[in-house]
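Participant: Chains A and B supply the protein sequences, listed in that same order.
Going letter by letter, the first sequence gives residues 68 to 481 in the numbering used here.
Going letter by letter, the second sequence gives residues 68 to 481 in the numbering used here.
It should be emphasised that the hints constitute simulated quantities derived from the structure, not laboratory data.
Among these hints, one or two may not hold up.
Within a straight-line C-alpha distance of at most 20 Å, the following computed PhoX-like cross-link-like pairs (lysine-lysine) qualify [stated by the list, open to error]: (1) A:K102 to A:K152; (2) A:K197 to A:K170; (3) B:K102 to B:K121; (4) B:K291 to A:K247; (5) B:K127 to A:K475; (6) B:K291 to B:K355; (7) A:K306 to B:K150; (8) B:K306 to B:K413; (9) A:K478 to B:K247; (10) A:K169 to A:K193; (11) B:K150 to A:K478; (12) A:K131 to B:K273; (13) B:K475 to B:K416; (14) A:K432 to A:K131; (15) A:K273 to B:K306; (16) B:K355 to A:K247; (17) B:K115 to B:K355; (18) A:K408 to A:K130; (19) B:K306 to A:K475; (20) B:K416 to A:K150; (21) B:K193 to A:K115; (22) A:K478 to B:K273; (23) B:K306 to A:K115; (24) B:K150 to A:K273; (25) B:K432 to B:K475; (26) B:K115 to A:K273; (27) B:K291 to B:K273; (28) B:K416 to B:K127; (29) B:K273 to A:K273; (30) B:K273 to A:K477; (31) A:K306 to B:K127; (32) A:K432 to A:K408; (33) B:K150 to A:K247; (34) B:K360 to A:K306; (35) A:K121 to B:K115; (36) B:K297 to B:K360; (37) A:K169 to A:K115; (38) B:K416 to A:K247.
Spelled out, the chains give:
Number of protein chains: 2
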Amino acid sequence: MKNLKGALIFGQSGGPTSVINASAAGVFTEALKNKNITAVYGAAHGIKGVLDEKLYDMSKEDKKELMLLKNTPSSALGSVRYKLKSAEVDETDYIRILEVFKKYNVRYFFYNGGNDSMDTCNKISKYLIKNGYDCNVIGVPKTVDNDLFGTDHCPGFGSAAKYIATTIMELSLDARVYDKGQITIIEIMGRNAGWLAASASLANMKGHGADLIYLPEIPFCLDKFLKDVKRVTEANNGKCIVAVSEGVKDKDGNYISEVLSNANKAKDGFGHTQLGGLSAGLADFASKNFNMKVRGIELSLMQRCGAHLASAVDVEEAFLAGQTAVRVATSGETDKIVVFKCCREKGYKCTVELMDVALAANTEKTVPLEWIINDGTMVSEEFVKYALPLIQGESKAPLEDGLPRFAKLKKILA
Amino acid sequence: MKNLKGALIFGQSGGPTSVINASAAGVFTEALKNKNITAVYGAAHGIKGVLDEKLYDMSKEDKKELMLLKNTPSSALGSVRYKLKSAEVDETDYIRILEVFKKYNVRYFFYNGGNDSMDTCNKISKYLIKNGYDCNVIGVPKTVDNDLFGTDHCPGFGSAAKYIATTIMELSLDARVYDKGQITIIEIMGRNAGWLAASASLANMKGHGADLIYLPEIPFCLDKFLKDVKRVTEANNGKCIVAVSEGVKDKDGNYISEVLSNANKAKDGFGHTQLGGLSAGLADFASKNFNMKVRGIELSLMQRCGAHLASAVDVEEAFLAGQTAVRVATSGETDKIVVFKCCREKGYKCTVELMDVALAANTEKTVPLEWIINDGTMVSEEFVKYALPLIQGESKAPLEDGLPRFAKLKKILA
C-alpha cells in the first residue's frame with residue numbers, strides 16, 4: 068500500500084456505453100481536487116493513447132463540461148479494442164508504456180472496460196510490479212453485457228436494460244395494432260451472456276413484453292423455435308414478439324446467425340454473406356414457415372448509447388465507481404478492480420468493494436441457468452428482482468433546443 | 068351546418084405514431100362532456116371496426132386511463148390499412164357503414180390518419196351527404212411521414228423527428244469512438260417524403276449529426292453515393308455517418324432497396340429476396356467498395372413508437388386536433404379535416420383551422436427542393452427553422468418501476 072505522488076492516466080476501452088463517461092466524470096472531478104495527483108490525463112483511445120503518447124490534459128477542461136460527461140454517451144476520450152500480448156511473449160508494448168509512465172511521472176493508471184480490458188489492466192499492473200515501478204493500477208468496470216465476474220452488476224448494464232425494456236414495451240404496442248398475424252423478432256446485444264436479452268422480461272412485468280425470450284446460455288434449436296412461435300401465434304391471435312440474444316448458438320456451439328448465413332450460402336453456392344444480422348436471418352427463416360408478416364428488428368448500437376433513457380441508479384453508480392478508483396488508489400491500493408456488492412432485501416443497497424483485477428480478467432459471467440424457465444423461452448421472477456433496482460430513476464443531459472446538450476471537451480494534448 | 072344529436076365514432080387508421088392516442092384522448096375527453104353527443108365509441112381497427120360492428124364504449128373507461136392515452140404510443144383502438152373502393156364501383160361497404168350508423172344513431176364520425184385515411188374519410192363523407200344521412204364527418208391528421216397536404220405539419224412528425232435527431236446524436240458519438248475508419252448508414256422512414264430523414268439535420272445543429280443526408284425528393288445514384296462517402300471519409304479521419312430515407316429512388320423511379328436486391332438476385336440467380344432493408348443493402352454495397360467497417364442501422368418501428376422521446380409540442384397539438392374535431396363537428400362542421408397553420412416569426416405559434424377533407428386525400432407533400440442543398444446530400448437552415456419548434460419540450464408517461472405506465476383500456480363492446 069503506497070501513497071504515491073504523481074500523474075494519473077485514465078483510459079476507456081471496449082464498446083462504449085451510455086454511462087462510461089459518467090465514470091470518467093467521477094475520476095476526473097475527484098482526481099482534479101486530490102493534492103497527491105499532480106496531473107490528470109485522459110488517454111486517447113485507451114491504451115493506444117498511452118503507446119502513442121496522445122494524452123489529453125484534463126485540467127484544461129471546463130468543470131461544467133466534465134460534469135456534463137455524466138450524461139454524455141459513448142467514450143468521450145475515444146475507445147480501443149487492443150489486446151496486449153503477454154509480456155513473456157512480446158515485451159515491446161510494456162517497455163513503451165513504462166517509458167511513457169516515467170516521462171510523465173504517472174503513478175496512477177485506471178482502465179475502464181469489460182473483461183478484455185481488465186486483462187490489459189492486469190497485465191500492465193503485474194508488469195509494473197515486476198519491474199519495481201510504483202504505480203497504483205485500478206480497473207473500473209464497464210460493460211452493457213453485464214458479464215464481468217465478481218461484481219453484482221456492471222455500470223452500463225442498467226441503462227441498456229432500461230432502454231431495452233422501454234423500447235420493447237413500445238414495440239410490443241406497435242407490433243400488435245393490426246388485426247392480422249405478425250411475428251416480430253427483436254435482436255439484442257450481449258455476446259455470450261443473456262443479461263441484456265433477459266431485460267426484455269422487465270417489459271413483460273408491465274404487460275407489454277416479449278412472448279419468447281431466448282438467451283445464449285441455452286442451446287438454440289431452429290425447429291423448436293418454429294414450434295414455440297407456432298404455439299404463441301395460435302394462442303395469441305396471430306401475434307408473437309420474440310426477443311433474442313445476438314449470441315444464441317446451436318447445441319454444437321455454432322452461432323445461429325452463422326448457421327442461417329451458411330444455409331443461405333450453401334443454397335446459392337456463391338458464398339455471399341448474409342446481410343443484416345440474426346434478426347434479419349431469423350425473420351427470413353420464419354417467413355418461409357409462417358404465412359404472415361415477419362419483421363426483424365435490431366436494437367443495434369442504440370441500446371448501448373441511448374443515454375436519453377439512462378437509469379439514474381446506473382449513472383450514479385458509474386460515477387461512484389470512478390470516484391472510488393481515485394480514492395482507493397490514492398490510499399495506496401493497486402492491482403484491484405472496483406466491484407459492486409448489492410443487497411435487495413428491504414430496498415436496494417449498493418456498496419463498492421475491491422477485488423484482485425486478475426479475477427475479473429477474461430472471465431464471463433452468464434445468467435444462472437435456474438433463472439431460465441419455460442423450456443428456455445423465458446426468464447424467472449428472480450431475474451426481475453435482480454435487474455429492476457438497476458433501471459430506476461432518470462438522469463439525462465439538459466435539453467437545449469429540445470435536444471440533449473452533451474459535453475464538449477477541448478482535448479488539449481499534454 | 069347542422070347541430071346534430073347522436074353518437075360519435077372515432078377510428079384510427081394507418082401506421083401508428085407516438086401521439087395518435089393523444090388525439091384519441093382529445094376526442095374522447097371532449098366528446099364525453101358534450102351534451103349533444105349521446106354515446107362515444109372507439110372503432111376497433113378503424114373502418115373495419117365499423118364494418119364488423121366492433122365498437123368500444125368509451126364511457127365505460129376510467130377518465131384517468133383516457134388521459135394516459137396522451138402518452139401511450141401506437142393505436143390503442145387497433146389500426147387498419149383498408150382502402151374503400153369508390154362507391155360507384157362497389158357500394159357494399161358504404162351500405163354497411165350507413166346501416167351501422169343508423170343502428171347506433173351515429174351523427175359524428177372522425178377518422179384519424181394520413182392521406183390514405185383521409186381518402187376513406189372523404190369517400191364516407193360524400194356518400195353520407197349524397198344519401199341524405201346527417202352525420203358530421205371530420206378528419207384528424209396523423210402521420211410520422213409529415214406528407215399530408217394543407218397543414219403546416221402533422222401530429223406524429225415532431226415526436227418522430229425528435230426521436231431521430233436525439234438518436235442520431237447518440238449514434239454519431241458511438242460510431243466515432245474507434246481510431247479507425249467506420250461508415251454508418253442509418254435508414255429512416257418517410258416513404259416518398261424526406262421530412263423524417265431531413266430531421267437528422269437537427270442533430271447536425273448540435274455538432275453530432277450525419278455527414279450525408281439523402282432524401283427521396285432527389286434521385287439517388289449509387290456511384291455518386293460512393294463518391295460522396297469517399298470524400299467524407301477522406302476529410303474526416305475515415306468516419307462517415309449517412310442518414311438515408313427508406314424511399315430513395317434512382318432516376319428511373321426504382322427504389323434503391325429494390326435495385327440493390329435485384330442486383331443480388333441477378334448475381335446469385337436464385338431470386339432470393341434481400342434480407343434486411345435499404346441500410347443493410349447499402350452497407351453491403353459500401354463494404355465492397357471501402358476497406359473499412361460498414362454498419363447499417365434501421366431505426367425501424369422505434370422511430371414511430373418512441374413515446375418516451377415525444378415532443379410536448381407534438382403531444383399537445385395532437386390532443387388539440389382531437390378536441391377541435393369534437394368542437395367544430397358539434398358546431399355543425401362536416402366534410403373537413405383539422406389542419407395547423409403556424410407562424411415562426413417572433414416565437415412559434417400554431418392555430419387550428421379547417422380544410423375540405425377532399426383536398427387532403429391521396430396528396431403527398433414533399434420537402435421543398437430548394438431546401439435540399441450540397442448536391443443532394445444535406446438540407447438547409449430553412450428546414451431547421453421549420454422543424455425545430457416541433458420537437459420542443461418533453462411529455463411522457465409517468466414512470467412505475469422505472470418504466471412507462473401506459474393506458475390500460477377495458478375495451479367493452481357497445
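Participant: Now tell me if each hint is right for this structure.
Facilitator: Against the structure, the hints:
1. A:K102 to A:K152: Measuring from Cα to Cα gives roughly 35 Å; hence the hint is violated.
2. A:K197 to A:K170: holds, 19 Å
3. B:K102 to B:K121: violated, 24 Å
4. B:K291 to A:K247: Violated, because 41 Å separates the two Cα atoms, which is more than 20 Å.
5. B:K127 to A:K475: Cα-Cα ~52 Å, so violated.
6. B:K291 to B:K355: holds, 15 Å
7. A:K306 to B:K150: violated, 23 Å
8. B:K306 to B:K413: Roughly 39 Å separates the two Cα atoms, so the pair is violated.
9. A:K478 to B:K247: Measuring from Cα to Cα gives roughly 18 Å; hence the hint holds.
10. A:K169 to A:K193: holds, 16 Å
11. B:K150 to A:K478: This hinted pair is violated, its Cα atoms lying about 57 Å apart.
12. A:K131 to B:K273: Since the Cα atoms of K131 of chain A and K273 of chain B sit roughly 17 Å apart, the hinted pair holds (cutoff 20 Å).
13. B:K475 to B:K416: violated, 33 Å
14. A:K432 to A:K131: violated, 37 Å
15. A:K273 to B:K306: violated, 40 Å
16. B:K355 to A:K247: violated, 39 Å
17. B:K115 to B:K355: It is violated: about 47 Å lies between the C-alpha atoms, which goes past 20 Å.
18. A:K408 to A:K130: With a Cα-Cα distance of about 30 Å, the restraint between K408 of chain A and K130 of chain A is violated, given a limit of 20 Å.
19. B:K306 to A:K475: Between K306 of chain B and K475 of chain A the Cα gap is close to 19 Å, so the pair holds against 20 Å.
20. B:K416 to A:K150: Not satisfied, since the Cα-Cα distance of roughly 56 Å exceeds 20 Å.
21. B:K193 to A:K115: Violated: K193 of chain B and K115 of chain A sit about 70 Å apart, past 20 Å.
22. A:K478 to B:K273: holds, 18 Å
23. B:K306 to A:K115: holds, 18 Å
24. B:K150 to A:K273: violated, 34 Å
25. B:K432 to B:K475: Violated, because 35 Å separates the two Cα atoms, which is more than 20 Å.
26. B:K115 to A:K273: violated, 29 Å
27. B:K291 to B:K273: Violated, at roughly 27 Å.
28. B:K416 to B:K127: Not satisfied, since the Cα-Cα distance of roughly 36 Å exceeds 20 Å.
29. B:K273 to A:K273: violated, 35 Å
30. B:K273 to A:K477: Holds - the C-alpha atoms of K477 of chain A and K273 of chain B are around 16 Å apart, at most 20 Å.
31. A:K306 to B:K127: violated, 27 Å
32. A:K432 to A:K408: holds, 15 Å
33. B:K150 to A:K247: holds, 16 Å
34. B:K360 to A:K306: violated, 36 Å
35. A:K121 to B:K115: violated, 64 Å
36. B:K297 to B:K360: Holds: K297 of chain B and K360 of chain B sit about 14 Å apart, inside 20 Å.
37. A:K169 to A:K115: Between K169 of chain A and K115 of chain A the Cα gap is close to 17 Å, so the pair holds against 20 Å.
38. B:K416 to A:K247: Violated: K416 of chain B and K247 of chain A sit about 41 Å apart, past 20 Å.
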